[in-house]
Structure formats: structure tokens, C-alpha cells
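J.: As a plain string of letters, each chain reads:
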Amino acid sequence: MDILNALILLLNYIFIPALTYGSQLALGAIFVTLIYGILRFANFATGDMMSFGTMVTILFTWYFQSLGISLGVLPTALIAIPFGILFMIIYMLSIDKFVFKYYRVNKSPPVQFAMVSIGVMFVTQAVVRIIIGPSDQRFFDGEKFIIKAREFKEMTGLNEGLALKSTQVITVLVTIVLVSLLFWFLNKTKTGKSMKAYSDNEDLALLSGIDPKKIVMITWIIAGILATIGGALYGLDKSFKPFTYFNNMLPIFAAAIVGGIGNPFGAFLGGYVIAFSEIFLTYAYKKFFMYILPESMEPESLVQLLSTDYKFAVSFSILVIVLLYRPSGIFKGKVL
Amino acid sequence: MRKNLNVIAAYSIMMVLIILVGIFQSWNIALSIFNMCLISAVMTMGANIQWGYAGLINFGIMGYTALGGLAAVIISVDPVQEAWSAGGFDILMCVWLIVALVLIIRFILKNFQNSKVRNYSIAALIVSGIILIRFTAEPGIEAIEDINPAKTGFLGGFGLPIIFSWIVGAFFAGGLAFIVGKVALGLRADYLAIATLLISEIVIAIIKHEDWLTRGVKNVIGLKRPAPYEVDLQSTDWFITLVEKFNSGKLNLISNFSDRQAELNQLVIEGSSVFVKLCYSGLFLIVVIILLIITQKALYSPWGRMMRAIRDNEEAANAMGKNVVKQHLLIFILGSAIVGIAGAMLVTQDGLFTPGSYRPMRYTFLIWVMVIVGGSGNNFGAILGGFAVWFLWIEAAPIALFLINFFTAGMSESHALKIHLIESVPYFRFLMMGLGLLLIMRYRPKGILPEKIEIK
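First to last, the protein sequences are chains A and B.
For the first sequence, position 197 matches number 197 in my numbering, and the numbering has no gaps at all.
For the second sequence, position 123 matches number 123 in my numbering, and the numbering has no gaps at all.
If we strip away everything but chain A, and leave its shape as in the complex, we get:
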């Protein structure tokens, strides 16, 4: 019984939150990696682009709520996401046309692209803050819990409760569907394969008749979908605040690099590596040991490797270690 309690404890406080957070990071990391692999620059506007997509989603959610449209137990935001994606793609394509295209045509070095993306970051941040303001916005509605901690205790007779939020389930499900679709697209369709070819060797791809304009456009469209869904899921699960989204850029970068930048599958796994290590290393295991160890051996302290204040620092340290020993990431190999 104690062992079961201990397992439920880990499931409730480590596994489920890390899986959710990891999925949200994974979507962002694939976004970063795609831009890096095909357009060849580190996009510092990642977090703010995600917040832009989420903002549009929130505005549509509010609009639908005012019209009285809802999905019942599911959050209304799910119907608003397609509109968010649409606006996001329009925004991204116009940024590409007015800003990035010039540098791409001139074949500027990646550093210059990165600087330009900082300009885009400033502008996007301003747009988001001017439209929706810098404060916290909650836009979740519908049923909050699938399993409540108290009901679970009564049902199983265990001491530890297991709470499963609907947003957590939605996040994981949507991520699985989206990522499998993406990998199917990249590996099986002709367009996806030409994207891979373009990322592998640009000149060779151009010689074999691949249209670079189309590749770039499709990359931005996929990026828009990933950014909006990733951002909206994060906002549903926690809350929407432009500054948090800007900060999320850092673990997302860490995830993309840990997985081997330019490699979407690596980025996908990298998201979970970062999320799990953050939560594993900062969780206080006192209660866990109280369940599995006999009473005489119970620990006095919290049995916490690092205080939760260092959550971000954990992922960054992992990144630094990976950069030192394997600069091309854990899952290196072919690009894209």
C-alpha cells in the first residue's frame, strides 16, 4: 500500500506536470528548430510570437463567450484556436515579407538575422502589450478536473490523491496528434521531403527544382500552427501573461539545442528532457521517502536536490553541459 501511495505521489507531482509542461515546451522547440533548420537563424522572437497567437486566441474566446457559444465541458478556446492560427500565419508571413525576406535575398549572416529577430521581438511585444495589456489573463472555461484528488482517494482508499486536470489531458493529446501529423508530413509527403532537402543542402535542392518561396511559406505556416497551439495550451494550463511567454523562450531554446537544433524529433524529446529534469531535480522527496522507508529511517530534511527557485537554472545548466560535450545536441545526425 505504501509503495502504491509513493507511486501515486510521484505520478501526481512529477510525472503528469512534467509531461504537460514538456509537451508545451516541445511544440515551441519544434517551432524554433524548424525556423533554424530551414530559414537558418535563431529566432529570438519565439516567445513573443507565441504570445501573439495566444492573444488572438484569447480575443476570439472572449468573443465566442459573449455570443454564448461554448463546447460544454471542453474549453471554448479550442474553437478559437483556428482563428488564432489564421491571424498568426498572416502576421508571420507579413513579417517575413517586410523584414526577413530582404536579408534572405541578400544572404546575410545568421547573426544579422538574429539581430533582426530581436527587432521583431520588440515590435511583437509592443503589439501584444498595447492590444491586451501586460497583466495576467485567464481564459479557461468548462470542466476543470477529470479526476479530483478527493474523489480519487475515496475511490481507491489510498492516502494520496491523484488530480488530473482536463487541460493536462488536452495538452498531451493535442501534442501527440499534432506532432504525429507533422512527422507524417515531413517524412511522407512530397512537400515535406523537399523541405528536408532544402534544409540539408540548399543549393542542391534549388538545382533539383524545389521552389524556395514555397518552402519558406510552408515553414512559416507550420511555425504559426505550432506557435499558436503551443502558446494557447500553455495559457489554458497556467495563465496568459506576455512576460512569462518571453521568459519561456529560454527553456524552449534549451530544449531545441539539447535535442540537436535543426532536428524536430530531437526538439520534441528535448522538451521532455528539460521539463522532467527541471521537476525531478527541484522536487522535495521527503514525503516519498516517508512512504517507502521504514519509520526509523525517515529523513529530517526536505530531501530536495535544488530549491525550486533554481528551476530555470537547471535547464540552462543541462544546456551548458550538452553544449560542452556534444555541441550538436543529444540526438545529432541528419538535419530536419
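If you are wondering where the hints come from, they were derived from the structure by calculation, not from laboratory data.
It should be emphasised that the depicted structure is a prediction, and the values quoted were computed from it without experimental measurement.
Please note that a few of the clues may not be correct.
Heads up, simulated DSS-like pairs for lysine-lysine below, C-alpha to C-alpha not over 27 Å straight-line [to be verified]:
no.	chain 1	residue 1	chain 2	residue 2
1	A	Lys-101	B	Lys-418
2	A	Lys-101	A	Lys-287
3	A	Lys-107	B	Lys-446
4	A	Lys-287	A	Lys-153
5	B	Lys-418	A	Lys-241
6	B	Lys-446	A	Lys-97
Derived coverage of chain A by chain B (criterion: at least 3 residues anywhere in the stretch with Cβ under 8 Å from a Cβ of chain B; other residues may be distant) [to be verified]:
no.	stretch
7	112–122
8	188–198
9	246–256
10	306–315
Pair ranges (Cβ atoms, derived) [unchecked claim]:
no.	chain 1	residue 1	chain 2	residue 2	range
11	A	Asp-2	B	Lys-326	39 to 49 Å
12	A	Val-303	B	Val-95	42 to 52 Å
13	B	Lys-326	A	Pro-82	32 to 42 Å
14	B	Asn-111	A	Asp-203	41 to 51 Å
15	A	Tyr-325	B	Val-324	47 to 57 Å
16	B	Ile-131	A	Met-217	51 to 61 Å
17	B	Val-117	A	Phe-289	27 to 37 Å
18	B	Val-95	A	Leu-302	46 to 56 Å
19	B	Tyr-120	A	Leu-302	27 to 37 Å
For every residue, glycine included, the Cβ atom is placed at its ideal position computed from N, Cα and C.
Got chain A; can you put chain B on it based on the hints?
T.: Same frame as chain A, now just chain B:
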């Protein structure tokens, strides 16, 4: 003379703008903008040395600024004796442990060949070392943080004049840059950018949460000043006579004695804060001028030519026998040290250290905008960038307000859109920075004052 005409013109425009703020808003605001411009100029000089001279991209400016600020705290705050006696021993033990750990790792790295066993044993050493350090430090840290947590709760510093911290801050930042450079400088440009950005976040996390050293988010307030206090000035005779002399024309117009006295008091209060700010301006100006002379000399020295050669073609410079790795590390340390000075100056001016206020937007990306807009590779350009961008950063809100009022003049005061726009005036500064950066990058990629290389 003619060659430098654009430099002189750009600086005169900047000065006129600041003087206009002084005339139309107040001299207090103008001087505080000027002081912050000087501090920003020091930061941009540091970033410019790394980016403009050597082409190294450093997105960790925030971390070095914060370390400089930490130096100001450690140098100027009086030591907390109770805390030292309560936990000082544990902390010192920890320091020795860290030193021993580093020495052991160095020894292993030097004397054993690269193998899996070596790498794993180093990893095991680091992990066990961290656990050991945590166990040694824990009681000491708790004891220190328990001592009068509302007022101290940390070890304090050395109680020296705060000016020394400007040099110590440079050493702190340089030390961090040495470690970061050893770790990250081999990386490609955009990887280096991300790595430095993340490392600076780690530094901030440590400063924020190690309360025994920095008080963390409880902030350290009331730091010593290199300049006199306003309150003291207001009761000093020579200062009152000075203000009286300065404003004699205005005061003579008032015949009533008590009115005159009240007016004088008002002027003294205003004058005292202007005077204090002028003191800071003088100190900062000295730093800026010294750094400018040194960096200009370095730029046109053989060393500067070598740096440009390394920047423009690493392989060729390497083939000519220049040690690229070593020079990169050196310039990374020098640039970061200058940023550290700026960080210490900033805390000195504010008189308080608030770890929570260090955010990458303000302390990393804004500085980069300054360098790019001003002109990388040109010290005068970088300083001008610091001035122009900081000026715009502060004056963006009034400008935006004016523009909004201008364009929505037809709407009624209670129109929802107008109210919303006016409420979000502070965020227009981001818009202006972003647009400014994008426009400069597109139409004048070398900045307002581009780098010019004189070949003699």
C-alpha cells in the same frame, strides 16, 4: 575637422535635446536622463569592444551588470558581525571546498588522458562535491538568514567607500567572463548568443535566491554615496548662498521678506537634488572619458588591428600566427569587465540593489539596440547609441502620448479606443525601439556613426 563633422553634429544634436528637456520639463529630469545615458554609454562601450572589435556576440550583459551591482553591495555595506560569527565559518569552509574541488578537477584534467572513466569520475566528483557543499553550508546559511531578517539577514560587506566597487565590479564581471569564455567561446555565433543569454539568467537566479550573500529579492537599500546627501546640503550655508547668488535676479524681484524666504527654500530644495545629480554626472563623465581614451588608443594600436583581422578572417589571422582563442578570451573578459563597471555605477547612482529588476529586455537587448543603432566598431558611435536610445526610451511615453492625442483628436475623450491607447502609452517604447532597430538594420546597417578604419 571636416572628417569628424558628422560626429560633432550628432553629439551636438543629442546635447541640444537634453538641454531642451531641461528647459521644458525640468533640469532634474534632464540630468537623470544624462546620467543614465552616461551609464548606458559605458555598457555600450563594453558590448562594442566585444561585438565591434572582435565580432563576439554576448547576450549576457545583464549578468555582468548584476555582478557589478553585487560588487557595490559587497564593498560598501558594513559587515554584519553577528552573521559572521553565526555562519561565517561554514561559508568560509565552503569557499575552501570549492577551491579544493576546482584544483582537484584541474589536476585530473592535466594528468590523466581523455577517457570515459576520467569524464565520469569528474562528473561524480562534481555531484558529490555539490552535495558536500550543500551539507556544509546549510546550517551556516540558515543561521545567517535568521539574524534580523527584516534588516540584515546577510553577511554584509567590507564597509569601504562605494567608489572602489567600480573597480571590484570590473574584476567580478571579468572573472565570470573568464569562466563563461572558457566554456562557451568555442561555440558558433548564434549558439554563443543563446548560451550567454542562459548563463546570465543563471547568474541572476543565484543572486536572487542566495539571500545570505545578497539579501535576494528583499533588496539592499540605503547604500553609501560618493556624493553629498540632499538633506545635508539644504542646511549647509555655502550651498544656500550659492543658490542665492545663482538666482539673485529672480529673488530680487520679490520684495516681501517671508515670500522671498519661502521662494529661496524652494530653490534650495530643487537645487540640492540638481547639485547631487551634477556630482554623479561629473564622476560618470570621468569614467566615460577615461574609458574612451583607452578604447580609442586600443582600437588604433597594433592590438586593435589584430583584433579586426581576427574578426574579419579568423583563419587568415590564425595562419599569421595570432592566437585566436586567447585573444577572443581576452577581449571577452575586457568587454565584460567594462560592463561590470557600469553595473556598479548604476547601483551607486540608485543607492539600492534590487536583484528582481534585472531583466533581459532592459539590460541585454536594449544595450544591443544601442550598439547596433549607434554604430558597432566605432566608440563614438556606441556612446552616441547609448545616449540616443536611452533618451528615446525615456521620452517615448511623452512622444507617444502626443502622437495619440494628435491622431485621435477627432474622437471624444470617453471613446474606448482612445482611453485604451492612452493607458498603454508605456508600451510604445518597445514599438519605437523595435522599429528603430529594424529601420537602422535595413537602411543603415553600420549604424548612425559607422566604423571607419584609417589606413595610414
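J.: Count residues of the stretch 188–198 of chain A with a Cβ under 8 Å from any Cβ of chain B, then say if the count reaches three.
T.: With 0 residues closer than 8 Å to chain B, the stretch 188–198 of chain A misses the three-residue bar; violated.
J.: Tyr-120 of chain B and Leu-302 of chain A, beta-carbon distance inside 27 to 37 Å?
T.: holds (28 Å)
J.: Quick check: the stretch 246–256 of chain A, covered by chain B? Criterion 3+ residues, Cβ under 8 Å.
T.: Answer holds; 4 residues pass the 8 Å Cβ test.
J.: Looking only at beta-carbon atoms, does the pair Ile-131 of chain B, Met-217 of chain A fall within the given range of 51 to 61 Å?
T.: holds (52 Å)
J.: Going straight from one Cα to the other, do Lys-446 of chain B and Lys-97 of chain A come out at no more than 27 Å?
T.: Satisfied, since the Cα-Cα distance of roughly 22 Å is no more than 27 Å.
J.: Could you see if the CB distance from Asp-2 of chain A to Lys-326 of chain B stays within 39 to 49 Å?
T.: Roughly 59 Å apart at Cβ, these two residues miss the hinted range, so it is violated.
J.: Is the hinted pair Lys-101 of chain A and Lys-418 of chain B satisfied, with a Cα-Cα distance of at most 27 Å?
T.: violated (34 Å)
J.: The stretch 112–122 of chain A covered by chain B? Criterion: 3 or more residues, Cβ-Cβ distance below 8 Å.
T.: With 9 residues closer than 8 Å to chain B, the stretch 112–122 of chain A meets the three-residue bar; holds.
J.: Falls inside 46 to 56 Å, the C-beta gap from Val-95 of chain B to Leu-302 of chain A?
T.: violated (25 Å)
J.: Hint check: Lys-287 of chain A vs Lys-153 of chain A, CA-CA at most 27 Å. Holds or violated?
T.: Given that 27 Å is the threshold and the Cα spacing comes to 17 Å, the pair holds.
J.: If you count the residues of the stretch 306–315 of chain A with a beta-carbon closer than 8 Å to a beta-carbon of chain B, do you get 3 or more?
T.: Three-residue rule met by the stretch 306–315 of chain A, so holds; n is 5.
J.: Indicate whether the distance between the beta carbons of Tyr-325 of chain A and Val-324 of chain B respects the range 47 to 57 Å.
T.: Once the Cβ atoms are compared, 22 Å apart, the range 47 to 57 Å for Val-324 of chain B and Tyr-325 of chain A is violated.
Of the numbered hints stated above, those contradicted by the structure are hints 1, 2, 8, 11, 12, 13, 15 and 18, listed in ascending order.
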